[in-house]
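Participant: Residue-level listing of the chains:
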Amino acid sequence: MIAEIGLACLWLAAALAVLQMVSGAMALRGAADGAINPMAIYARPAAVVQAGLAVLAFAMLLWAFAITDLSIKLVATNSHSMKPLIYKLTGTWGNHEGSMLLWVGVLALSGGLLAGFERRLPERTMGAALGVQGFVALGFYAFLLFSSNPFERLPVPAVEGVGLNPLLQDIGLAIHPPTLYAGYVGLSVAFSLAMGALLTREVNPAFARVMRPWVLGAWVLLTLGITAGSYWAYYELGWGGWWFWDPVENASLMPWLAATALMHSVSVLAARDALRTWTIMLGVLAFSMSMLGTFLVRSGVLTSVHAFAVDPERGAFILALLGLYIGGAFAIFALRAGAVAEGQRFAVTSREGALVFNNVMLSAILAIVLMGTLYPLLTEAFDVRVSVGPPYFNPASAIFAVPMFVVMAIGPLLRWKADTPARVQFELTLVAAVLIAVIALVSFFGQFPLLPLLGLGLAAALAVAALLPLRGRRLARVPTATWGMVLAHFGVAVSLFGMACEGAFTQERLAAIAPGATEDVGDFAVTLESVTPVAGPNWTAIEARLAVRQGGGEPAILTPQARNFWSPPQATSESALLTRWNGQLYAVIGNQNEDGRWQIRVWWKPFVTFIWYGGMLIALGGLLAIAGRVRVDVRRRKAARLGRARRADLAALGGAAPAPAE
Amino acid sequence: MKAKHQRLALVIAALVAIVAAGLIAAWTLRNQANYFYLPEQMAATPPAVGQAVRLGGMVRPGSLATEADGVTVNFMVTGNTRDAIPVRYSGILPDLFVEGSGVVAEGSLRADGVFIATNLLAKHDENYVPKELEGMGADRAAKVAADTTIGLAP
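Protein chains in written order, with our numbering: chain A, 15 to 676; chain B, 969 to 1122.
No wet-lab data here; the hints were simulated from the structure.
The model shown is predicted, which means the values in this text are computed figures rather than measured ones.
Among the hints, erroneous ones may be present.
Calculated lysine to aspartate or glutamate pairs in the EDC-like style (CA-CA distance at most 16 Å, straight line) [what the hints assert, rightly or not]: (1) A:87 <-> A:166; (2) A:87 <-> A:174; (3) A:87 <-> A:137; (4) B:972 <-> A:287; (5) A:431 <-> A:287; (6) B:972 <-> A:356.
Build out the structure end to end from the sequences listed, making use of the hints.
Facilitator: Next comes the structure, spelled out in structure tokens:
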């Protein structure tokens, strides 16, 4: 019954998406006397009920995985009755169909939240936005129902499940995909709102204030998802790297870049009523990148741990959806953008100017990443096989990232509308001095590659610059949203510092040693004490005991493993990490040579953890910004309500009503 | 400057930056894209010394030798013809890397014709078949796909 209930929920939700789409479109027409079209009132309830149904469908699949219902094809091919419960549950989205159902569930849920709680926009704009949201959802319902039905039954129930890829049997999987998906799909709301505003020509600060929390929320989730994914790849793959420029990583990075640009541009629109069409364009671009990411990851055009199944029909389906939505959105944009009135003007040296510059730099980096990601797919059409890696991505994106970081240091110090460099002379000198001093100091002590060197200098300069907006202000009176900006910018500096240190100072030791022997890496002495076989619930492994001594102190014990899973049969390398405040020691064990020695590989990575601390700071900054904005918004609405009540009282008393202040 | 002119200036500035990004990307891709070679291709038209490329083929049985340090291996990679490329790799071998199996090696050619691999791609799951091995001839590709390498793209 579970599968049938889930499937019925999906069909009903798809039907409601049609209603939402039609009813939303009706809102655009308006009734004869300018009132709301009576057909338009169904969009909101349709979105809310649809959210409930889609979430229920996902819950049904979760339940099927929890009890390992082997009559469902998806469960039989992806789960196993002997798996620990937590991995049974996370296995729900560790496969193509389940993850698409999660995608659609989050899409419907965010549409429902928008419909249920957002009352500030004009009804016409809201209707149009909900209509677009319904249209997007409908496409993905069709994709699920026609080409990847998660609830398909087997004619004869399987005796036992096949199991889940062991690389995915990890707690990282529990958080990484749902966070990223929520971020991807949160951008769909920004997209729908942007299209709604474009269709009704209501691109103004009020609209930007509605859109901002959605963009910020999606951006925070994307930041967390990318940070978690990077750490997961770092410790799970056992290669010691934290970013591989894998197409799938790029697929999550591209929406993040677009969302970062959008978030800043929407702030300009909210605060200064400038950058109207640019904001709309970025809104369309950000969700387009989300969908492109979904296409790249889920269509099977890539060979990777993320590409669950290679099925050309699905790829073609997603590609068609992609073409329809992105093409349609940009066509409407091209037709309507000219009709949006120009916003306020600003000088080149102003905060808007700096934000525009960095928006363009972010878009350029996005273009670089996009080209590098799509190039191998393109050449394959001509039967030339290439792969594109760090030698392309690092220098090409640095060309735009370096000026971006410089402007990012200065931008928040400038005033809105117009400013002169002379006013911020002291700050400029300080930031430049820090930049030059750090680069000079580091290159004095050793020879390092250019990019990590620049990264160290920029990180220091940015860390100082991030705190400068607080200078001369009463800290208790600084708005929460400003704290958010300071924290997020500081987080970028922290993260950059971690990346640069990892690039410049990592030490590696690769050796074959017999038990009892000692190798040195950094100022650590690593002794291989023993190698023993161990067993887990669904794997066996050989485990090395490494005693790590720093100076003369007590040794810390590290136990890297080489694991063999038996369902499905697959081997993985489990790294062992020793975390210190100033870095991590990373150890993996390899094979045994014929002479009995074991291969071990140990890295000392100074400050590598700062990469992820920085990511978390950035996300925390985003959260503070949301909290600050929402609080101000609530307060403003309360003041407006009190003002209205007071004026109504005065009017009732017969006195002349004072002009509204807000 | 009127609002309209400012918008035009912004659009032009953005376009210039994006086009510049595109040109830089195209130029860098030409130089830095990592081409895939079969052993016979590498023997016929070797890539420039030091250029990052990928080499895919079979590990010739009997050619795998470990050096005294215990972590450096040398082996020959063969393709559809009799050409064989010597490969040298320092590191932990992928779990299912054995003689006779398929392999994709990332690295570059040294001046003496030895391919210095920085990374060997290893089989993690038979569901993930590398596109690189599709061009190996029908019989061998089927064999390779069925019982050998790869997956996890770096």
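Participant: None of the hints should be skipped; say for each whether it holds.
Facilitator: Hints, one by one, checked against the model:
| no. | hint | in the structure |
| --- | --- | --- |
| 1 | A:87 <-> A:166 | holds, 6 Å |
| 2 | A:87 <-> A:174 | holds, 11 Å |
| 3 | A:87 <-> A:137 | violated, 44 Å |
| 4 | B:972 <-> A:287 | holds, 15 Å |
| 5 | A:431 <-> A:287 | holds, 11 Å |
| 6 | B:972 <-> A:356 | holds, 7 Å |
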